[in-house]
Structure formats: C-alpha cells, structure tokens
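Based on the sequences and whatever the hints tell you, model everything.
In case you want the letters, here they are:
2 protein chains.
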Amino acid sequence: MPVYTVSHVSNIRICVVMVGLPARGKSFISQRIVRYLSWLSIKAKSFNVGNYRREKKSHPNAEFFDSHNEDGLKIRKEAAVEAVKDMMKFFQDELGVVAILDATNSTKERRDWILKLCRENSIEPMFLESWCDDDSIITKNIMDVKTSSPDYLGQDPELAAKDFIKRISKYKETYEPLEVETNKDLTFIKLINVSEQVIINKIETYLESRIVYYVMNLHIKPRSIYLSRHGESMYNLEGKIGGDADLSERGWKYAQKLPELVKKVLKSEEHDDYDDDDDTDIKLTVWTSTLKRTQQTASYLPYDKLQWKALDELDAGACDGLTYEEIELQFPQDFKERDENKYEYRYRGGESYRDVVIRLEPIIMELELQENILIITHQAILRCIYAYFMNIPQEESPWMSIPLHTLIKLEPRAFKTIVERIKADIPAVSTYKEKGTSQLGEIEDINNKSKNLITGAPLR
Amino acid sequence: MPVYTVSHVSNIRICVVMVGLPARGKSFISQRIVRYLSWLSIKAKSFNVGNYRREKKSHPNAEFFDSHNEDGLKIRKEAAVEAVKDMMKFFQDELGVVAILDATNSTKERRDWILKLCRENSIEPMFLESWCDDDSIITKNIMDVKTSSPDYLGQDPELAAKDFIKRISKYKETYEPLEVETNKDLTFIKLINVSEQVIINKIETYLESRIVYYVMNLHIKPRSIYLSRHGESMYNLEGKIGGDADLSERGWKYAQKLPELVKKVLKSEEHDDYDDDDDTDIKLTVWTSTLKRTQQTASYLPYDKLQWKALDELDAGACDGLTYEEIELQFPQDFKERDENKYEYRYRGGESYRDVVIRLEPIIMELELQENILIITHQAILRCIYAYFMNIPQEESPWMSIPLHTLIKLEPRAFKTIVERIKADIPAVSTYKEKGTSQLGEIEDINNKSKNLITGAPLR
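Just so you know, the protein sequences line up as chains A and B, in that order. The first sequence begins at 1266 in the numbering used here and counts up one residue at a time. The second sequence begins at 1266 in the numbering used here and counts up one residue at a time.
If you're looking for bench data, these hints aren't it; they were derived computationally from the structure. Note that the Cβ used here is the ideal one computed from N, Cα and C, for glycine as well. Fair warning: there could be bad hints in the mix.
Stated by the list, open to error - Calculated lysine-lysine pairs in the DSSO-like style (CA-CA distance at most 27 Å, straight line):
#1 Lys1486(A) x Lys1570(B)
#2 Lys1405(A) x Lys1467(B)
#3 Lys1601(A) x Lys1557(B)
Stated by the list, open to error - Under 7 Å between C-beta atoms, here's a sample of chain B residues computed to sit facing chain A:
#4 Tyr1478
#5 Lys1574
#6 Asp1620
#7 Leu1634
#8 Asn1637
Next comes the structure, spelled out in structure tokens:
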C-alpha cells in the first residue's frame, strides 16, 4: 500500500486551464506547478499550445494572430485540438492527475469548448488567469520572450520585441477576462499582478487547494538560495551514517571559513543587482537542522538562525550509527532492496526519501515565499531540496553527489535555476556510496563525478 | 534555541481586524484561527468587542444599534477602545503575536481608526471580511445567536430572532464593505459565502499566508471525525514503548469488533441529519499510520484506507523498545526532564510532542477540508489531534489519558466540539503513566480518571 503524500489523489483528474494575454507569466506558472507536483510524485504535465502551433507555423509575425486572419485562426485551433488530444492521452494512458493547458484561452468561446470536453471526460476544470496591468512586470516578460522564444529565434531582439507587443495588442482586441459575476459557477483562481491580489472561486478539493496555496506563494523578486552540508563530522570519518556527532577538526575549519565564502557570494550578488555600496545590505537567514553538526557549522555565521526538525537527516532507523559495510553484513536483504529502489526504500523503523519529501514540503513552501536563505543540512535532505529546484526526477535524486565543504548557490529564474558551486578548499572524506557497493569514494575524488550537480538537469 | 514551527514569528505582530454584519460567522472564524495558532504555539487571542459592550449594556434591543442613538454610539465606541487597549497590552506585556479584533468594524471610519493605531504601534493590520448573501447561512447563524447569545439570555427565542434581524438591518444602513479598488493598498481577505469565493489582497508574510490558507479550508458542512488507538499490541502487554509490534489476541478482538462500533455510530449519525434510509450512505475514509498495529486494527473495516507516515507514533529514539522502568534506570536524567516538561522534552535521537505537532499540521489542514474520517493511530498522536479539536493547552495535552479499545467521535460545531466515547468492552492493559512514576495504571482502571477526555476543555 502506498504512503500518501499531499493527498490521496485516486480518481481525481484536474485540468488547469491557463487564461491570459501573452507575456503574463502563464508558462512560468505552469512549469512551476508541474515541478512542485512532480516533486510530490503527483503525475503532472503541461501542454503548451504554442509548441503545437510552431510545428505548423514556426515564425509567425503579429498579423498571424489577428482575429480576422482565417489561416491563422485555423492553425491555432488545430494546435489547440492536438494539445487537448495529447492531454486526454496523458489522463487515460499515463494515468495523469494534473494537466495544464498552457495557452491564452482568452475568449469565452475557447474556454466553453474546453469546459465541455472536461465535463464529458470526468475531468475537473480549474481556470487560472494571470491578469496584469503592471507595466514593469509586462516589460520584463516581453524582454524575456524576445530573447528566449523560439518564435523569434535568430531575429533582431528589438524588432522581435516590437512584433511581440503588436501580437499582444491583437489578442487584446478579443480578450475576455474571467468575470467574478458571470463566471461564479466555475472553479477559478485569478492572479492580479502576480499575487498582489488573488481571487479564488469555488475551490473544493484538497489538491486544488494545494495548487492555489502554492501559486499564491510564488513571487518573482530576485533572490538566491544557498545550500551547504554540515562540515565533516566524526561519524563521516568513521563512515557511519546517522547519529548526532560533533564536527571533525576539518569540519570545524569549514565552519570557520564559511562566513568568508558566504560574504563573497553575497558581495557578487550585490554588484549584479543592487547599488554599489561597499557594505552588504542583503538580508540572509540561516536555517539548520536540530542536529549538532549543522549548528556547529553555522556557529560562526553572523546572521539570524533558525532550527528546523524537518531538516534533520533521513532517519536510518535500525541502521543508525552503522557503516554501509555493517549494514550489508547485518541486513543484506535491506541493503539490496535499498540499492534497487532507493527513493521508496524505508529503513526499518526509519524513513525513505519519499517520507523526507513529505516532511520537507512546508520547507519548500516557506522557501518559495522567502527571499535569501542559507540552509545548512544533511546529504539526503539537500538532495531532496536540490531536486525540487532543479526539477530532477525522484528516482534519480537519491543518487546525486553533494560533496562536503562546498557552498551551493541556487538562483531561481523564470525557466531555469542557475547553480554555482563554491569549494572551500578544505579536504573532507567522501560520503558518496555508488550503487552496488558498500565502499565510499576516495577523499575528494568522487566529487568530480557529480555530473548532475555541475550541470543541473534542465527544466522539463 | 527553540525549534520553530510554522514560521519564525519573532518581531511579527499581526492584528486581524474582522469586518462584517452580525450573523456572518465572524466569531466562529476568530475562534478557529486562535485555536489553530495556539495549537502551533503561536500566541494568539481574540478580543470580542461585544463582550466589552455587554459590561456596560447587557441586554440591548435593536434600537441601541441605531446609528442615530447617541448613547448607543458612545457605549459602543467605549467598548471598542477598551478592547483595543487590552489588545495592545496583549502585544506588549504578553508578547502576543496574533490578535483578532472580533467586531463588525463595518464603517470605513472605524477601520481607519484601527489602521492608524496599528501603524503607530508597528502592528501589521490584516482585514478579514466575511460577506454573505446566502440566506440559508445567515438564517442558520441567526438561529445560533438567538439561543446562544448572552444578549438574549432568558428571552423568548422567537422575539430574540426578530430583534436580532432588526439589529442586522440597523448595521446594514451604515455598512461599508471592503472594496477591491478603494482598499487595494490594505492587506485583506474577503470571504464570500464562507469560502465559495475568496479575495486575497497584498498578503506578504508567511504567517499571514498560513492564516489565509487555514481560513480558506474551513467549511461548515456537518461531519464527524472518529479517533481510535490501535488495538492492544504485544509491546503494550510488556509495557514497552515504540517498536512495530503485532496486535495481541485482545487487540485482534478489538479489530474484529471495530466495524460494528463504526457502523453503529454512523447509523446514529444518519438518523440525526440525513434521510431515514436503512443503508448507510455516509462516506468514510480510514487513515492509519505506517505501523503494523494500526493497519491490523483497520483490517476488517470495509472503507477506503490511507497510510500516513505523519501518523506514526512519537519517535522515542534511544528509548524505543524500552519499558518506563528501564528508561528510569538507564536514562534517569532524561526520565526526570520528560516528566517536568513533557511537551518540550525530545527523546535522544527522537521527537518531542512539539515535533509531532509540526508534522501533524498538514494532517490537521487536510482534516479541516475533509468530511468524515476515521483515524487509527497512536497514543501521543491522538493526544495532539484531540488537543487541536478540543482546544486543550499544549502543556496539558501530553498528560491526557486516551484508553485502548475505545472509539472516540468528535463533532465539530461552531463554538465547541462534541465528544462521544464508545467502549468496545474488550479488556486491555493501561498504557497511561502518571507524572513522577514509572508504573502504568491497572487494567482499565486509569481510563475512568480521564477527566479531559470525558468533558473536553471548553473553547477559549
């Protein structure tokens, strides 16, 4: 029997129908929802109608989107039909739970068509409109599109921006926003200027309410998240897992060096986005677990600190305090099972990675709302947090290498998260165990093999 | 250093300013928010201006609330001033975090006055309007008031209802609802017909966003929550704590009898509120922990079942599998410390009650949204869930007795939760340890001492 995460989602199928003019962040919101739900092992996928349209018409100019352009209308409708067809396949063949129809869906007629299809197929429709009249947000989105949209690939960015603004005005001619009065029977969320104002109508199921809460907490202010494992511990030296050991001598050295590393990255941040003042004005808060090794690692940092039990290391239950060799000897069957499905395997009396993800969910929610945070925690916990930001499939995340004595900087952008690794240059043992062995890597050696960590998996 | 729960709330002070006509559920919402935050150890208190007014004028008729009644206006303003004064004391002397000003606050003038006071005192104002035009909801609220309000104590209920309706119409004459346009600079939530539609404006902090999410999930449909500990386990027989033991022979008997007990309470439910059909139509879902003893207890129940890791017993860490006598011998200092502050004491490598509350928070949130649920879990977990519904202070909750082989029915009503205990009449050991001893009670004996469980603490 599976252990349920956010909610039991059996028999629930939700179609999130995006609504809004171009450059209103619809794809951004769609991708974030998919990332969040996938991280929680809820099968979710976004269907971008623009991608289907591009297969028929790859570089349209604004005239293509004119409501009197018969050819344009036909191609755009065909693209929508194909996206919806694939969406139905996703529900039926792949047992999808949440599909997102990422398109403008800007007329009542188009929305009624989707509504009817959903009702005929026992799919709950949930409309999500992004409405925006804040010029600074719109301009920023236009700037993103002109450089990143495949529609304008290889074109002069200034001409692209001009054409895109014209395209928006074409859509405006026929745009019918969701109306609180006339649409009061629909399940919908209307976001006004990101989440300055949010109107929520007829949200009834738990999963819908989770999506609403997640979307409400999204913000687009620039910020960074810093991650670090605790410094090398006495248990690390002995190859033991779990426990509540003190730092080793080298671990303490890392703790002493960390303030300098942090200051350096914060400084570079400041020069990027803020004014050129010499003193750093960036507010940072440090989160640790309740275990000594993370608090000792944070002890020299001159910032506000918070302890979270939810950041404690994965509980190894009966294996707590053992080395991998001892586990292989004492629990050979468990050792094998864990290697075969590391994400689902739950230590006797302890936790699985899936269990950790569930207890980290409030941390992720709070991280979305916060600005600059430095998290000092443990290998398995960092893998889960990293997997969320980098959109790494859960079956891969338990195998990522996250070396000791390394500060990781994550910068969430609209469609990707930028990663930077800052090594402290203080040696440490490797705690990375490859599949099928009970041996740990050589000092420092394995760190260089961590492909995932260096490149990051692209956003899907 | 404290371990933080929902969020670090240092230096944050929020005043939730209720807005709305009489009979719009303002006090209901206020008390629920206070109960939720208190359960999370966030200091919260509701200040009901009506209570202050009653000290000056105990049984006013509708004319008292006329906007031309000078005497009435004076007394009502004085009451508001006194409530606000006490609220300021709560922030300053008691280090309160969230205060709720429970009154109609139905004019712009009154709200501007509160806004000014908040700003002068570095308190974040958050307006929460309950707007309602659904006659069935209003009528239900009027019926509650006419029988329960101290304003109409000892009066004929029909005359009371008439006067109260007149009072509402007096308020309507001067009522100025929150307006999306003119109030767009305020932080506010506007609930329309409970939570059919919710408008959220300028919610910025994490604590505000938690309050919004909680209020969004409240519903007023009648439902019941059923609680049971697992049947007696082999560990219970030996007086051991923790572990993952099987049920004892008597535990299995309880599991076999449980379907009959559940059917009986569901039937009585049906006769109360539903039509007189013989077949039970009430949908029930059973939640268990991931431990064998809860799943074995649920094994004969013919309902949908869900496993939650978050419902696992409090982790006793190094003491897992020991008896209280062994703990006293092996960890005498810990044994004493736990008795002195059972809520905060964290087992070595394990959890405290506070830790359990944090991991139960998503369960409580989902419970608020769900209808009928039967939870089969463990002693410490049930204490925490019970404390939430019965508003029991966290320092008392770890000492409540929750006997084995007993089904508990909780019926959340507007201002209280009704409790019923159904004993299975199958003997079981007592697992209740009184303060200052390592001895458990006699079989069945201690159960009768459980005052809290029988009466329930009143809502504060």
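Taking the hints in turn, this is what the structure says about them:
no. : hint                    : verdict
1   : Lys1486(A) x Lys1570(B) : 42 Å, violated
2   : Lys1405(A) x Lys1467(B) : 21 Å, holds
3   : Lys1601(A) x Lys1557(B) : 23 Å, holds
4   : Tyr1478                 : 5 Å, holds
5   : Lys1574                 : 5 Å, holds
6   : Asp1620                 : 5 Å, holds
7   : Leu1634                 : 5 Å, holds
8   : Asn1637                 : 14 Å, violated
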